[in-house]
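Colleague: Sequence:
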Amino acid sequence: MDVFVFPPKTKEGLGLALLEAMAAGRPVVATKVGGIISIVQDRLNGLLVEPSDPHRLAEAIYDIIKNREVAQRFAQNARRTVIERFSLDGMAEKIEAIYSEVTRGYKKLL
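Taking the working numbering, the leading residue of the sequence shown gets 22, the next gets one more, and so forth.
No wet-lab data here; the hints were simulated from the structure. Each hint should be verified, as a subset may be incorrect.
As a list, the in silico EDC-like pairs of lysine to aspartate or glutamate whose alpha-carbon atoms are at most 16 Å apart [unchecked claim]: (1) K30 to D74; (2) K115 to E105; (3) K30 to E71; (4) K53 to D74; (5) K32 to E71; (6) K53 to D63; (7) K87 to D23; (8) K53 to E33.
FRET-style restraints, in silico, Cβ to Cβ [what the hints assert, rightly or not]: (9) N88 to A113: 34 to 40 Å; (10) V91 to E122: 33 to 39 Å; (11) Y83 to E117: 40 to 46 Å; (12) K30 to Y127: 42 to 48 Å.
C-beta atoms are modelled at their ideal positions from N, C-alpha and C, and glycine is treated no differently.
Just need the whole structure built from these sequences, with the hints factored in.
Modeller: This is the structure in structure tokens:
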């Protein structure tokens, strides 16, 4: 697959298929809907387009297909995003950091 396209027009939660494509190191084009905007950072780890704009969607797909260097950079950044933010280890580290912060605050109260 050269590019993963995720174009919902209305609300979308987290977008598991989107995360799977990003974890597989695929460049993505997605619409600016719901939770997608918390995952895809436009021009960093993929391209975001407005929903219901098929012309811009097609242009974004074409931009990735014609520019292999950009596609590769998006793919690497997409994979890194998933590993850092959504992997088991990454999420465990975040939870541990939250617990540490909360317990530091609790110890100050004692």
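Colleague: Hint check: K30 vs E71, CA-CA at most 16 Å. Holds or violated?
Modeller: holds (9 Å)
Colleague: For the pair supplied as a hint, K32 and E71, is the alpha-carbon distance within the 16 Å limit?
Modeller: holds (13 Å)
Colleague: So the hint says 33 to 39 Å: do the beta-carbon atoms of V91 and E122 match that?
Modeller: The hinted range 33 to 39 Å holds for V91 and E122, with Cβ atoms some 38 Å apart.
Colleague: For the pair supplied as a hint, K53 and D74, confirm whether the alpha-carbon distance does not exceed 16 Å.
Modeller: Holds, at roughly 11 Å.
Colleague: Return holds or violated for the Cβ distance of N88 and A113 against the range 34 to 40 Å.
Modeller: holds (36 Å)
Colleague: So if I understand the rule, the pair passes when the alpha-carbon distance is 16 Å or less; does K53 with D63 pass?
Modeller: holds (9 Å)
Colleague: Straight-line Cα separation of K53 and E33 no greater than 16 Å?
Modeller: Within the cut-off at roughly 10 Å; holds.
Colleague: Regarding the pair K30 and D74, is the alpha-carbon distance no greater than 16 Å?
Modeller: Holds. K30 to D74 sits at ~9 Å (cutoff 16 Å).
Colleague: Look at the Cβ atoms of Y83 and E117 and judge whether their distance stays inside 40 to 46 Å.
Modeller: Between Y83 and E117, where Cβ atoms are some 43 Å apart, the hint holds.
Colleague: Run the distance test for K87 versus D23: straight-line Cα separation, threshold 16 Å.
Modeller: holds (10 Å)
Colleague: Within 16 Å, alpha carbon to alpha carbon, are K115 and E105?
Modeller: holds (10 Å)
Colleague: Could you see if the CB distance from K30 to Y127 stays within 42 to 48 Å?
Modeller: For Y127 against K30, whose Cβ atoms are near 46 Å apart, the range 42 to 48 Å holds.
Violated hints for the displayed structure: none, as all numbered hints are satisfied.
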